[in-house]
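Protein chains: 2
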Amino acid sequence: MLRSQYTVTRPVYSDDSFAIDHEKVFRLRKTPLDKVKEYLTCDSKRIKNVVLSLLPIIGWMRIYRIKEWLLGDVVSGVSTGLVAIMQGLAFSLLASLPPSYGLYTAFFPVLTYFFLGTSRHISVGSFPVLSLMVGAVVTRLVPEVGPSANITGFDNLTMYEKRVVVASSLTFLMGIFQLAMGLLQVGFIVVYLSDTLVSGFTTAAAVHILVSQLKFVLGLEVPGISGPLSIIYTLEENFVQITSTNICDLVMSIIIMIVVFIAKELNDKYKAKLPVPIPIEVIMTIISCGLSYGFNFEKRFGVSIVGKMVSGYESPIAPSIEVFQESAVEAFPIAIVGFAVAFSVAKVYSIKHDYTIDGNQELIAFGVSNIFGASFRSFAASTALSRSAVQESSGGRTQIAGLISALMAMVVTLALGFLLEPLPRSVLGALVIVNLKGMLMQFREIPYLWRRDKTECVVWLGTCIGAILLGLDLGLGVGLGIELLTVVFRTQFPRCSVLASIAGSDLYKDRKDYVELYEPQGVKIFRIPSPIFFANIDFFKDKLIEAVGFNPLRVLRKRNKALMKIKAMWQKRDVNITEKGMWDLFLQMTDESQMKPSETASELKGLPFKVCWNAELPACISVPRVDIHSVILDFSAVSFLDISALKGLKAMLKEFIHVDVNVYIASCDVYILETLHSCMFFDDEIHTSMFFPTIHDAMLHVLETRKDINTGCVSHQRKQPSDIEIQSTAVLDPDPAVEVETSPLSPC
Amino acid sequence: MLRSQYTVTRPVYSDDSFAIDHEKVFRLRKTPLDKVKEYLTCDSKRIKNVVLSLLPIIGWMRIYRIKEWLLGDVVSGVSTGLVAIMQGLAFSLLASLPPSYGLYTAFFPVLTYFFLGTSRHISVGSFPVLSLMVGAVVTRLVPEVGPSANITGFDNLTMYEKRVVVASSLTFLMGIFQLAMGLLQVGFIVVYLSDTLVSGFTTAAAVHILVSQLKFVLGLEVPGISGPLSIIYTLEENFVQITSTNICDLVMSIIIMIVVFIAKELNDKYKAKLPVPIPIEVIMTIISCGLSYGFNFEKRFGVSIVGKMVSGYESPIAPSIEVFQESAVEAFPIAIVGFAVAFSVAKVYSIKHDYTIDGNQELIAFGVSNIFGASFRSFAASTALSRSAVQESSGGRTQIAGLISALMAMVVTLALGFLLEPLPRSVLGALVIVNLKGMLMQFREIPYLWRRDKTECVVWLGTCIGAILLGLDLGLGVGLGIELLTVVFRTQFPRCSVLASIAGSDLYKDRKDYVELYEPQGVKIFRIPSPIFFANIDFFKDKLIEAVGFNPLRVLRKRNKALMKIKAMWQKRDVNITEKGMWDLFLQMTDESQMKPSETASELKGLPFKVCWNAELPACISVPRVDIHSVILDFSAVSFLDISALKGLKAMLKEFIHVDVNVYIASCDVYILETLHSCMFFDDEIHTSMFFPTIHDAMLHVLETRKDINTGCVSHQRKQPSDIEIQSTAVLDPDPAVEVETSPLSPC
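Going down the list, the protein sequences come from chains A and B.
The numbering of the first sequence is our numbering, which starts it at 30 and goes up by one.
The numbering of the second sequence is our numbering, which starts it at 30 and goes up by one.
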């Protein structure tokens with residue numbers, strides 16, 4: 030096969046000459062102020078859009094096709110309603126609340142979400158992880174043993190009444206946080222909850238849920254414990270009491286878990302052949318309810334049952350400000366987790382059914398729903414993936430299905446609640462546990478992640494272990510911290526490399542990666558493979574020094590010291606002048622004070638002669654050799670540069686320039702160049718002329734400028750190319766050959 | 030001037046063909062395990078090095094030149110000693126401790142640092158910011174009013190004795206943290222304290238110090254307040270009591286401040302002409318001491334004086350574990366700040382005097398010094414820039430100067446302390462305040478930073494305001510958090526751009542930046558200007574969709590829907606077959622089930638014919654137009670890629686491939702390619718052949734492959750280039766011209 034050829038002929042460009050040849054557009058960058066102004070602009074069309082986006086129901090109601098969609102919505106609503114009732118009862122146990130409040134949570138938040146939500150398929154209501162997080166606060170402020178927190182109005186309330194006040198106040202605050210975030214348009218923050226983090230977090234939550242349900246399955250009286258390490262104390266309590274296990278509860282739980290597990294596996298396996306999945310949970314609930322009632326489990330075996338349900342709705346309550354103060358730190362992660370879960374589920378369905386959802390509007394919708402729900406004593410609402418899956422798969426098209434499921438919950442609350450009263454709590458616990466399978470299976474991600482990306486594995490483990498040991502709220506914070514640190518770390522410690530040319534091409538590759546590479550003598554190409562900022566500028570400096578093989582600042586100091594010695598020898602006439610050159614030099618030394626050495630670099634310029642540092646110097650003068658004359662920095666991967674990096678870079682460049690090494694920068698981003706200009710990066714030593722569009726341009730420029738220069742000893746008089754240089758060679762005693770270059774037309 | 034030409038002729042390379050042409054070195058990357066192993070390797074040379082690095086004194090003692098250096102060290106030690114005594118007294122007021130403990134701090138830590146420290150020029154001892162941070166803990170645990178914290182062994186102690194226990198236990202814990210960090214070799218963490226952060230933090234510290242010294246200057250009895258917003262409460266207390274101001278204190282303070290201020294300005298101005306700077310602070314202290322003693326300020330004006338000094342040293346004490354528990358959260362930032370300050374000062378002098386310091390050894394040295402000092406009741410030691418400047422500028426060459434200054438402090442403690450007893454505390458306060466000038470001047474950085482880099486300005490202000498309002502420890506945490514977030518933000522929201530070719534060259538620039546650019550039809554070059562990770566993969570996806578003008582997933586769905594319609598029309602024979610092609614097609618439709626549409630992309634392949642989506646379709650079928658056939662992603666700035674990004678990128682590439690858009694990736698980093706390989710990025714749709722070394726290679730490849738293809742309607746049979754394609758055109762009723770392409774040799 031004939032390979033196509035790559036042929037390019039064009040001038041060698043520096044960034045400067047490129048700008049001359051190609052007209053550049055002057056772009057006015059938007060300042061943050063402009064963006065704010067733009068954002069606040071207001072006209073009638075915008076107002077209409079805002080109203081539409083605040084009430085998404087208008088959008089989907091207008092296209093609602095009653096004939097085609099209504100039936101599906103009703104069927105879906107009824108199925109979802111059954112699941113929602115079951116989950117409401119079970120998850121209220123996670124929240125350490127009486128089961129009937131779970132029914133409230135399946136009702137109130139749905140009503141407002143119906144109007145405000147942009148997702149048409151999620152089922153709003155309780156979510157196990159969220160319920161558990163609420164439960165942690167509830168048991169902290171109102172423990173079973175010991176005094177409750179000191180909160181006004183708690184005096185005459187029973188424990189459960191207090192707990193409801195705490196849960197609803199917490200939910201109210203969570204709603205405020207969500208609403209505020211929605212109004213501030215900061216819905217994007219969920220991007221920080223990466224898949225890895227969420228996986229680790231939900232796995233930890235599953236472990237917490239499992240442990241919290243043990244007491245129901247075993248029929249024990251274990252008080253709810255919260256705070257760091259609570260999981261260990263809870264396990265300990267369970268084991269201490271294990272001899273008091275209620276055998277009836279345990280047997281019933283095990284049977285239910287096995288049956289439900291098998292039925293679910295069958296559902297999964299024959300997914301394609303079954304018209305609808307077997308509603309095994311509903312069946313088991315009805316059976317155990319019937320058995321418990323028929324054989325009076327409560328009296329006969331001492332089984333703990335759901336008990337008296339609140340029938341009907343209670344009057345709304347105002348949230349307690351004191352609970353706000355006590356739980357603000359926990360309410361924020363709850364708000365974030367609640368939103369993040371709902372948003373991720375909503376996103377899946379919006380992609381599947383091809384409509385758009387709006388993160389900020391979702392925040393507003395959940396915020397309002399939680400505030401509204403909390404006023405009617407329901408607890409934190411989000412969505413559960415399992416319930417939403419039922420709603421979507423059974424034919425739900427819009428939130429009308431959600432509304433119908435809410436009405437089912439209402440019917441149970443108002444009229445049928447008594448039917449559920451004999452249901453043993455252990456059944457609910459067993460159902461919760463058996464549903465954890467998917468979440469616990471996420472442990473399998475550990476070896477997967479370890480093989481692929483160690484850093485991600487650390488994030489997963491850190492989040493999971495942190496959330497298990499410290500509790501879900503703190504654990505989420507720990508996970509986020511680790512995750513953000515990994516980003517900083519990855520940016521901070523990149524792999525630097527020295528590049529070399531692929532002979533005969535314009536390609537430059539890592540010197541260590543290829544066998545046949547060509548590296549022109551005296552030129553180092555150093556690739557900076559990441560953004561430069563305060564935390565890695567010193568790292569790069571060290572790596573560059575390692576790559577070039579000398580520390581320019583050190584070399585400069587040594588040279589200045591050597592210069593002092595040369596001067597001293599000169600003054601003592603300790604130098605045998607063997608050639609005419611040194612005489613010339615001597616004659617020029619009109620002002621001795623000009624030769625006074627100092628620690629600064631400019632001193633080299635003040636001298637009437639130049640010393641060729643790479644030549645042989647007298648034995649008493651030792652200066653590190655500098656084998657290179659040019660350094661090319663490959664900036665193609667430098668995506669930003671901060672002020673610290675800018676200062677450090679400038680200092681570094683100057684150090685090299687002061688030891689007569691030219692520095693060139695290739696493939697620098699346009700925006701970074703603008704920043705450099707605005708931050709006074711350029712001065713009389715650092716010019717824009719050191720910037721080149723590609724490494725090859727820079728390399729050609731280097732080879733071009735070095736071509737006709739004596740490679741033994743070079744002076745860099747770039748600014749005065751027309752100066753006539755007279756080279757003279759002098760020999761200093763006791764050693765031969767110090768080459769000294771003079772430039773008689775220069776001021777000294 | 031004749032411009033040099035850039036001429037390159039080489040084959041067009043893809044990354045694959047490049048690898049074939051150029052032999053690659055197989056590199057075994059070190060795993061973290063290898064690095065640990067390497068780190069733990071042990072041989073006699075290493076042991077010698079470890080011992081030498083653990084006892085740096087051996088290093089500099091061996092090169093000590095007694096004749097040349099000793100005099101300088103002694104002179105420097107005496108001057109530094111005077112300053113150290115003054116500062117010790119003054120800074121112990123910041124730590125809310127009796128002044129004599131400041132003298133301990135100027136003595137004990139120096140002794141161990143002498144052996145262990147790698148810096149030869151810093152003066153170890155008290156540091157105002159650190160003293161203030163210790164003071165915050167001291168006043169929290171042992172307030173002037175109200176009960177002390179409940180700590181064993183506190184019962185029979187006076188308030189000051191308790192405070193000394195708290196301060197020394199805190200210092201002990203801080204020493205443990207520093208030592209642990211040193212042994213774990215994590216000294217690098219100070220890089221996170223960027224210049225901006227440190228500037229904001231020390232400015233806030235100066236404000237705190239100023240406020241804390243007000244009470245001494247005004248001669249008021251204000252209790253020490255700690256915790257968030259303490260600065261406001263302290264100011265309030267001062268203003269409430271302002272009528273009780275002690276006029277003698279105030280007048281004396283103002284005079285001292287003015288005199289010292291002027292003398293310091295003069296010192297600065299005539300730096301070159303003065304042999305030594307005027308020791309104005311020592312002079313003023315002696316004068317005010319004399320005046321206070323002579324006129325009995327304490328009795329006559331009620332001035333608060335230093336009072337009874339502890340004469341001699343007390344027996345060592347064990348730290349209190351309970352204080353550890355109470356102050357662990359504060360001890361950590363104190364350890365960090367103490368080390369960071371000392372290290373940054375040490376670095377300045379090490380560069381100036383050309384020796385190396387070792388961050389981890391410094392941590393060990395300060396850790397041991399603080400543990401040792403704390404056992405003898407001294408408080409947190411670091412270094413003060415002002416004192417180190419005295420030590421260095423007055424001729425100190427090694428820590429022998431430090432040792433002599435410590436001996437001076439010992440002499441005062443043991444014998445001369447009584448001379449300082451009449452010194453008014455307001456004098457010490459005034460001296461502290463007048464020395465804040467430099468730190469407070471840092472406020473001038475705000476406008477400087479604002480003009481140059483808004484983000485850095487936010488970090489500065491966030492750190493400063495946070496540290497002022499929340500206290501120094503929390504403020505440091507806030508500042509660090511903001512700073513790390515800025516790194517994430519900068520990486521997360523970069524400026525994406527669409528590139529176009531500079532005609533006649535191999536350069537590609539932002540389309541918006543240049544006037545004359547050439548963009549081949551149907552190709553988009555999209556530059557990803559930053560690393561890709563979980564937080565920005567969706568951002569890039571949105572930007573890419575914006576750049577190409579269509580959402581590939583949406584297009585695919587629409588196409589699949591359209592396909593269903595075409596199939597339905599076909600089955601109803603609602604299609605007028607006007608040309609032979611459609612008959613062929615009909616004859617091939619042997620298996621109708623193959624045409625059952627689904628939501629997946631593979632469905633397109635299962636069909637016996639291909640529809641040309643960009644041609645005119647029947648009116649009832651509407652599919653978004655796709656105007657491009659190739660997307661080139663410029664990866665040159667992608668310095669890392671995490672698993673989330675990898676998954677997202679893979680999904681994104683597949684979406685494009687499924688709508689028949691070729692995706693090419695240019696300038697991908699070698700290491701990223703390795704990651705892609707190890708993470709199963711490649712499959713039957715995504716090949717390594719889509720990687721090219723430069724954009725121009727990719728572009729040439731695109732132009733080459735597209736050259737001979739019918740641009741109206743294209744099928745991508747890249748894998749079967751030898752297949753004979755028969756193009757046939759059919760017209761579907763009611764609209765004309767649906768181009769359908771068949772490939773009779775393909776399996777269906």
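It is worth saying that the hints were derived from the structure and are not from the lab.
Don't take each hint at face value.
With a straight-line cut-off of 30 Å between C-alpha atoms, the simulated DSSO-like cross-links for lysine-lysine are [said to hold, decoys possible]:
hint	chain 1	residue 1	chain 2	residue 2
1	B	K676	A	K587
2	B	K483	A	K53
3	A	K96	B	K483
4	A	K676	B	K381
5	A	K298	B	K590
6	B	K381	B	K538
7	B	K590	A	K570
8	A	K66	B	K300
9	A	K570	B	K541
10	A	K570	B	K302
11	A	K376	B	K53
12	A	K594	B	K483
13	A	K298	A	K77
Short derived list, chain A residues pointing at chain B, Cβ under 10 Å [unchecked claim]:
hint	residue
14	L213
15	Q214
16	V215
17	K302
18	E351
19	F353
20	K538
21	E545
22	V699
Glycine residues also receive a C-beta, built at the ideal position from the N, C-alpha and C atoms.
Do the hints match the structure? See the list:
Simply put, K676(B) and K587(A) have alpha-carbon atoms about 53 Å apart, too far for the 30 Å limit, and the pair is violated. Distance restraint check for K483(B) and K53(A): the Cα-Cα separation of roughly 26 Å lies within the 30 Å cut-off, and the hinted pair is therefore satisfied. Taking the CA atoms of K96(A) and K483(B), the gap is about 57 Å. The hint is violated against a cut of 30 Å. Distance check on the hinted pair: K676(A) and K381(B) sit about 18 Å apart at the alpha-carbon level, within 30 Å; holds.
Of the supplied pair hints, the one linking K298(A) and K590(B) holds, its CA atoms being roughly 29 Å apart against a limit of 30 Å. Distance hint between K381(B) and K538(B) is unfulfilled; the C-alpha atoms sit about 44 Å from each other, more than 30 Å. Distance hint between K590(B) and K570(A) is unfulfilled; the C-alpha atoms sit about 58 Å from each other, more than 30 Å. With a C-alpha separation of about 52 Å, the suggested pair K66(A) and K300(B) falls outside the 30 Å cut-off, and the hint is violated.
Restraint check for K570(A) and K541(B): the C-alpha separation of about 34 Å exceeds 30 Å, so the hint is violated. Distance check on the hinted pair: K570(A) and K302(B) sit about 38 Å apart at the alpha-carbon level, beyond 30 Å; violated. A hinted pair counts as satisfied when its Cα atoms are at most 30 Å apart, and K376(A) with K53(B) does not qualify at roughly 44 Å. Note on K594(A) and K483(B): the hinted pairing is violated, with a Cα-Cα distance of about 48 Å set against a maximum of 30 Å.
At most 30 Å may separate the alpha-carbon atoms for a hinted pair to count; K298(A) and K77(A) exceed this at roughly 49 Å. Restraint check, L213(A) versus chain B: the minimum CB separation of about 16 Å is more than 10 Å; hint violated. The closest approach between the C-beta of Q214(A) and any C-beta of chain B is roughly 14 Å, which is over the 10 Å cut-off, so the hint fails. The beta carbon of V215(A) comes no nearer than 13 Å to any beta carbon in chain B, farther than 10 Å, and the hint placing it at the interface is violated.
Because the beta carbon of K302(A) sits about 17 Å from the nearest beta carbon in chain B, more than 10 Å, this interface hint is broken. Contact between E351(A) and chain B, as hinted, is not supported at the beta carbon level, the nearest pair being about 19 Å apart and thus beyond 10 Å. Because the beta carbon of F353(A) sits about 18 Å from the nearest beta carbon in chain B, more than 10 Å, this interface hint is broken. At a threshold of 10 Å, the smallest CB-CB gap from K538(A) to chain B is about 8 Å, leaving the interface hint in force.
The interface hint given for E545(A) holds, since its Cβ lies 6 Å from the closest Cβ of chain B, which is under the 10 Å cut-off. A least Cβ separation of about 6 Å between V699(A) and chain B falls short of the 10 Å threshold, and the interface hint therefore holds.
Checked against the numbered hints above, the structure breaks hints 1, 3, 6, 7, 8, 9, 10, 11, 12, 13, 14, 15, 16, 17, 18, 19 and satisfies the rest.
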